[in-house]
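**Student:** Single-letter residue listing:
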Amino acid sequence: MLKKISNIGDCGITCDFGDEVNKKTNKEVIKLFNFIQESVNSKKIKGILNYTPSYNKLIINFELGKIKSKEIIEFIKVSDYSKTTLSEKNKIVEIPICYDEEFALDIKRLEEKTKLSFKEIVNDHLNTDFFVYMIGFVPGQPFLGDLNKKLYHDRLDTPRVKINKGSVGIVEKFCTIYTFESPGGWNIVGRTPLDLFNINKKNTSMLSPGDTVKFKSITKKDLSSFKNE
Amino acid sequence: MSNYFKVLRPGINSTFQDLGRFGLQHLGIVASGCMDQLLFYISNKLVGNKVSEGALEFAYQGPLLELVGESALVAVSGKVNFNIIDKNGETKKGMSNESFVVSNGDKIDILSTINSVYGYLSILGGFKLKEIKGSVSTLVKAKIGPNNGDKLKIDDKIFFTKSNSAGETKKIEFEFDADNTIRVMKGSQFGYFSKKSQQYFFSKEYKVTRLTDRMGMRLEGEKLENMVSKNIKSEGITKGSIQIPGDGQPIVLLSDHPTIGGYPKIANVITADYDKLVQKIQGSKIKFKLVDLVVAESAFQDYIAKFNKF
Numbered sequence: 005m006l007k008k009i010s011n012i013g014d015c016g017i018t019c020d021f022g023d024e025v026n027k028k029t030n031k032e033v034i035k036l037f038n039f040i041q042e043s044v045n046s047k048k049i050k051g052i053l054n055y056t057p058s059y060n061k062l063i064i065n066f067e068l069g070k071i072k073s074k075e076i077i078e079f080i081k082v083s084d085y086s087k088t089t090l091s092e093k094n095k096i097v098e099i100p101i102c103y104d105e106e107f108a109l110d111i112k113r114l115e116e117k118t119k120l121s122f123k124e125i126v127n128d129h130l131n132t133d134f135f136v137y138m139i140g141f142v143p144g145q146p147f148l149g150d151l152n153k154k155l156y157h158d159r160l161d162t163p164r165v166k167i168n169k170g171s172v173g174i175v176e177k178f179c180t181i182y183t184f185e186s187p188g189g190w191n192i193v194g195r196t197p198l199d200l201f202n203i204n205k206k207n208t209s210m211l212s213p214g215d216t217v218k219f220k221s222i223t224k225k226d227l228s229s230f231k232n233e
Numbered sequence: 048m049s050n051y052f053k054v055l056r057p058g059i060n061s062t063f064q065d066l067g068r069f070g071l072q073h074l075g076i077v078a079s080g081c082m083d084q085l086l087f088y089i090s091n092k093l094v095g096n097k098v099s100e101g102a103l104e105f106a107y108q109g110p111l112l113e114l115v116g117e118s119a120l121v122a123v124s125g126k127v128n129f130n131i132i133d134k135n136g137e138t139k140k141g142m143s144n145e146s147f148v149v150s151n152g153d154k155i156d157i158l159s160t161i162n163s164v165y166g167y168l169s170i171l172g173g174f175k176l177k178e179i180k181g182s183v184s185t186l187v188k189a190k191i192g193p194n195n196g197d198k199l200k201i202d203d204k205i206f207f208t209k210s211n212s213a214g215e216t217k218k219i220e221f222e223f224d225a226d227n228t229i230r231v232m233k234g235s236q237f238g239y240f241s242k243k244s245q246q247y248f249f250s251k252e253y254k255v256t257r258l259t260d261r262m263g264m265r266l267e268g269e270k271l272e273n274m275v276s277k278n279i280k281s282e283g284i285t286k287g288s289i290q291i292p293g294d295g296q297p298i299v300l301l302s303d304h305p306t307i308g309g310y311p312k313i314a315n316v317i318t319a320d321y322d323k324l325v326q327k328i329q330g331s332k333i334k335f336k337l338v339d340l341v342v343a344e345s346a347f348q349d350y351i352a353k354f355n356k357f
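Just so you know, the sequences run in chain order A and B. So for the first sequence, the numbering used here puts the first residue at 5; every next one is plus one. So for the second sequence, the numbering used here puts the first residue at 48; every next one is plus one.
Chain A extracted, bound-state conformation (with noise of 0.2 angstroms):
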């Protein structure tokens, strides 16, 4: 449930939904979040320059001179978003990933510390149903969740300096993609082809928050031959 709107500056609002991080205050937002949205594109309300959903918030942030905080708030105050259902909305992805070794460079650390087997961890990891908390940090990059209580790890003391674009990591109840090559610090069990992010493409990002994801596991030579779209 919405807890508490607050101003960001002069030019931003902060939607706070309490301190859980779990799907069930992540849908809130995500609600508050889609309903924004879809009153931006059908002009329903004017000067939002951006919404972004976290865990649990979201911040509006507007044109100043356009709107006021105050119309904001009482447009938020006076709807009925809560109402809504998620699923209209929102759909389910599948990711091609690859668990070979090559490129899960750490899944032989995650057995010794989880006592899990190889095979274990990927069939967890395949079976969960991953919900999109949010997206973000750089372009495209998905936080999804959550993973199964066994594979709860953190995060690496020291994180690698380069990790590739692709790569999928874990921490805590945390799964994450690489849209970009970068340094980070996630436990990386395996690899995806497949491109998230691409800005010249009409849907920019093949997963918005709210999204399911599911992954597939595929071979090596599936992973060299995969041609996105």
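Hints may be right or wrong, so weigh each one.
[As the list claims (entries may be wrong)] When the alpha-carbon atoms are kept at most 30 angstroms apart in a straight line, the in silico DSS-like pairs for lysine-lysine are as follows:
id : chain 1 : residue 1 : chain 2 : residue 2
1  : B       : K280      : A       : K154
2  : B       : K177      : A       : K206
3  : A       : K153      : B       : K280
4  : B       : K280      : A       : K31
5  : B       : K190      : A       : K224
6  : A       : K74       : B       : K198
7  : A       : K70       : B       : K177
8  : A       : K206      : B       : K198
9  : A       : K231      : B       : K180
10 : A       : K31       : A       : K153
11 : B       : K280      : A       : K8
12 : A       : K166      : B       : K280
13 : A       : K153      : A       : K123
14 : A       : K166      : B       : K353
15 : B       : K254      : A       : K70
16 : A       : K205      : B       : K180
[Unchecked claim] These stretches of chain B come out as covered by chain A in the derived footprint (C-beta under 8 angstroms, 3 or more residues):
id : segment
17 : 67–78
18 : 160–166
19 : 175–189
20 : 230–237
21 : 300–308
22 : 338–344
Hints were generated in silico from the structure; no laboratory data involved. Every residue, glycine too, gets a C-beta built ideally from N, C-alpha and C.
Got chain A sorted already, so can you dock chain B onto it with the hints?
**Tutor:** Showing chain B alone in chain A's frame:
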């Protein structure tokens, strides 16, 4: 016949920018856009463009450009030391904030900004730039924007639409605000910081370090002590937020900021003072002053009045 500028020297960080690319932050794409909106506006005004037309933004040292093709009306905004070198090699001092005509073979040599960081080059009719998701702004770290999302490089050609060189020249009087006080509102995690640190933040000077670019401005000064938690659950970032990482030194998040982040934020720079802040050069000392929303909104009215003056 195609008209273009040949890039003989790219400058330190020369990129095309407009007012920004909006409605995509939820997909990890920050708005970007010109750092100094007033100067961007002035550069377009000087050549008679619509005020949202894409311009070339440069920082500290700008580019050396040679015109190939038909004459064009151009303008450089800011406090900029630049020369115009004609095709016979004769050098003439350039005047900022004043439009002028350049012809085939002429070179514009943007040597440096003076006691400021950013300046803009505009051309009547606009540069021929590929719009991406409704904007020609460049986000270099994600390779989004015209020129393949990159900074200017040597030998690049910047094409422009046939410019009416007979267009009216114009001059605008412009001075930077020399005052070093930046007005801010309390940040989302203001209460995380000790009473003493809150006082320091509004009374001590902070120095702009060299680790400053379009993404953020790292400051150096009295260390700020976090009493609650050095990390928060990652949340959406707003331009002008001042975050305090574990080392207690502030970072102001600027136009190319990450879309989400997990450091506590002590304050937010008000819109009216953003241009002033980003023009502070390395080594400048700034002070933060606390204001409320009423003051920020009224300061914005004064800021907009400046635009309407030109």
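**Student:** Are the hints correct? Go through all of them and say.
**Tutor:** Here is what the structure says about each hint:
no. : hint            : result
1   : B:K280 / A:K154 : holds (22 angstroms)
2   : B:K177 / A:K206 : holds (15 angstroms)
3   : A:K153 / B:K280 : holds (20 angstroms)
4   : B:K280 / A:K31  : holds (16 angstroms)
5   : B:K190 / A:K224 : holds (29 angstroms)
6   : A:K74 / B:K198  : violated (39 angstroms)
7   : A:K70 / B:K177  : holds (28 angstroms)
8   : A:K206 / B:K198 : holds (24 angstroms)
9   : A:K231 / B:K180 : holds (25 angstroms)
10  : A:K31 / A:K153  : holds (20 angstroms)
11  : B:K280 / A:K8   : holds (16 angstroms)
12  : A:K166 / B:K280 : holds (24 angstroms)
13  : A:K153 / A:K123 : holds (16 angstroms)
14  : A:K166 / B:K353 : violated (46 angstroms)
15  : B:K254 / A:K70  : violated (34 angstroms)
16  : A:K205 / B:K180 : holds (10 angstroms)
17  : 67–78           : holds (count 10)
18  : 160–166         : violated (count 0)
19  : 175–189         : holds (count 4)
20  : 230–237         : holds (count 4)
21  : 300–308         : holds (count 4)
22  : 338–344         : holds (count 3)
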